[in-house]
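Peer 1: What follows is the residue order along each chain.
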Amino acid sequence: MILIGLSTFRELLRQKLVHIILFLAGLILAVSFMAGTLSLGEEDRILFHFGFSAVQLALVGISLFVGSITIPREIERQTCLIVLTRPIDRLQFYLGKWLGVAAVNAVIVVSLTLILWFAVGVKDSFWTVSKVGLGIYFESLILLALAFWSSMFLRSAISLFFSMGIFILGHWLNELVYFAEKSKIEINILLSKVIHAIVPQLYRTDWKSFYLLENNLISSTEFLTVTLHAAGWILLLLVLGVWNFRRKDLV
Amino acid sequence: MSTAALSVQHLNKNFSSGLLKPPKNILKDVSFVVPSGSITGFVGVNGAGKTTTIKCLLRFIFPDGNADSKIQFFGESEFTPEVKRRIGYLPERPYLPEQLTAEEFLTLHWKLGGGQKSQMSASDTCLKTLARVNLLGVEKKYLREFSKGMLQRIGLAQALLHRPDLLILDEPMSGLDPDGRRIVKDILKEEQNRGATVFFSSHLLADMDELCSHLAVIDKGSIYFSGAVDDFTRAESKDSVVVYLDRDKTRKQIQVSRNELPAKLQEIFSQQGQLLKVIPTETTIESVFMRREWTAGNSAGRPS
Ligand SMILES: Nc1ncnc2c1ncn2[C@@H]1O[C@H](COP(=O)(O)OP(=O)(O)OP(=O)(O)O)[C@@H](O)[C@H]1O
Ligand SMILES: [Mg+2]
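Taken in sequence, the protein lines are chains A and B.
Here the working numbering is used: the first residue of the first sequence is 1, the next is one more, and so on.
Here the working numbering is used: the first residue of the second sequence is 1001, the next is one more, and so on.
Quick caveat, the hints were computed from the structure, so don't treat them as lab data.
Do not rely on the hints blindly, as some may be mistaken.
Result set (DSSO-like, lysine-lysine): computed pairs, CA atoms no more than 30 angstroms apart in a straight line [said to hold, decoys possible]:
1. K16(A) to K1111(B)
2. K248(A) to K1024(B)
3. K1264(B) to K1277(B)
4. K1141(B) to K1185(B)
5. K1084(B) to K248(A)
6. K1141(B) to K1117(B)
7. K1148(B) to K16(A)
8. K248(A) to K1028(B)
9. K1021(B) to K248(A)
This one's a predicted model, so the numbers in the text were calculated from it and none came from an experiment.
Put together the whole structure using the sequences plus the hints.
Peer 2: See below:
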């Protein structure tokens, strides 16, 4: 499993798609540095907001785009077949692939968070800053597991859109509930609550605005809840994905 | 030689082609045996079901679960990691991970197969295997830069890597130049001499003649013949063509069945005829094949 993960990691770092996404993220990062110097007084906040947006873009992009094609491509090109003739379980293969992509994301988030931390002059504790990065990382892991799972039974392109839809929905959830309650229509409220319950609450992983508004105010309870929430979703989606993959005809 | 390296019994597979369409019956009661130490050829026209069968064997595709169907490797029904370790497989179209170099690819598979536990070093084994398929000098090259034939060769190298007891090769010669085919044939023979069993599919019947001791012939998803090559050619070969000059030096050509051949030759000699040649028409696998009307895909045209 580790071997497959490492090999996937290595392959990904050589892939054009990943390069493009990283390039885009780098571009935004550069822009955020420029924007930071332009706005006097607000430098750090601007830098943070844009900077972490760049991190988020990179991670979400990789999770959705790479996640939805990793396994289908292995199946289509039959590259998975020779791996699976080795004494390797399908479970190990699936998780190994997932870990490989997750590792790429981890490298990106750690390095960019470090850059941002240094850029603001090591003012806040690293832990405070890295919570924002962690939130983004959790989100990317959920989306990655989602894209992996949905690509088991949807075509890559549709799986991509499906996961994207969930991504957007996940960020709108609280607004959805808010507006439904405002409308005061029973059925709307009920519906929004149901959706709120069954879609990963991605908006809660988004701490960059939190940081921006109320410096340092991510409470440990909130952090813990979100961590558990994310872990639950990741586990569920991985289990579903493995379950599907083990039953799949690899034609 | 006692237990077969591979025995397949009553394998069935339906593919559902769409929600409303009826499922397509791809494999129908496929049964055959690959004796230990043999080179067994798996023959059939395009779409006969060779690849599907092989994928069922290796549990890439799940056959329909009827009670009496059974796939046994080395006499074992369970497809355990230990069984897997004894098998080398080359898929039909070996697209390999493009972003790896040949050496990285082989090293990965060496490790995946548990190579670290053995005495040999990874790089040693990889280089030796590359040398066998005549691919030395490209270890550091990315697989995306490989030609089709080169991919085929490195795919084969990957299958040979762990000195498996059973090689399952789906069209190992396709895409290879004559030299490459020669190499593959030699390797298959070497592997047999080493004690391994080889099961491979191919369209190139001439190659089968040279290599195989046993055959499994599949047509439209059912096994048409399974057994020793000699039995196949003998069962199918009925006539020989005898060409001779009779007493008046006129050239004659007749078809004679196997049983009548000695008597007919006697007759020619006794009438002072001059024998030009006896052509045993149906003794190669290919010629037996040429006599039948095989149809690609699904349609009538073959006795069942
Ligand atoms: N995923 C699938 N869904 C439906 N039918 C399929 C599928 N894959 C293969 N088939 C059908 O199964 C049959 C057997 O295919 P298979 O690939 O096993 O043939 P083959 O003997 O390997 O042919 P070839 O010599 O061309 O490689 C074909 O008629 C094909 O149309
Ligand atoms: Mg085939």
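Peer 1: Work down the list of hints and note, for each, if the structure agrees.
Peer 2: Do the hints match the structure? See the list:
1. A C-alpha spacing of about 27 angstroms is found between K16(A) and K1111(B), which places the hinted pair at or below 30 angstroms, so the restraint holds.
2. For the hint linking K248(A) to K1024(B), the alpha-carbon distance of about 17 angstroms falls within 30 angstroms, and the restraint holds.
3. For the hint linking K1264(B) to K1277(B), the alpha-carbon distance of about 13 angstroms falls within 30 angstroms, and the restraint holds.
4. With a C-alpha separation of about 26 angstroms, the suggested pair K1141(B) and K1185(B) falls inside the 30 angstroms cut-off, and the hint holds.
5. Using a Cα cut-off of 30 angstroms, the hinted pair K1084(B) and K248(A) holds, with the two alpha carbons roughly 19 angstroms apart.
6. The suggested pairing of K1141(B) with K1117(B) holds, with an alpha-carbon distance near 27 angstroms, which does not exceed 30 angstroms.
7. Between K1148(B) and K16(A), the direct Cα distance comes to roughly 22 angstroms. Compliance with the 30 angstroms bound is thereby established for this hinted pair.
8. The hinted pair formed by K248(A) and K1028(B) meets the criterion: a straight-line CA distance of about 21 angstroms does not exceed 30 angstroms.
9. Between K1021(B) and K248(A) the CA atoms are separated by roughly 20 angstroms; this keeps the pair inside 30 angstroms, and the hint holds.
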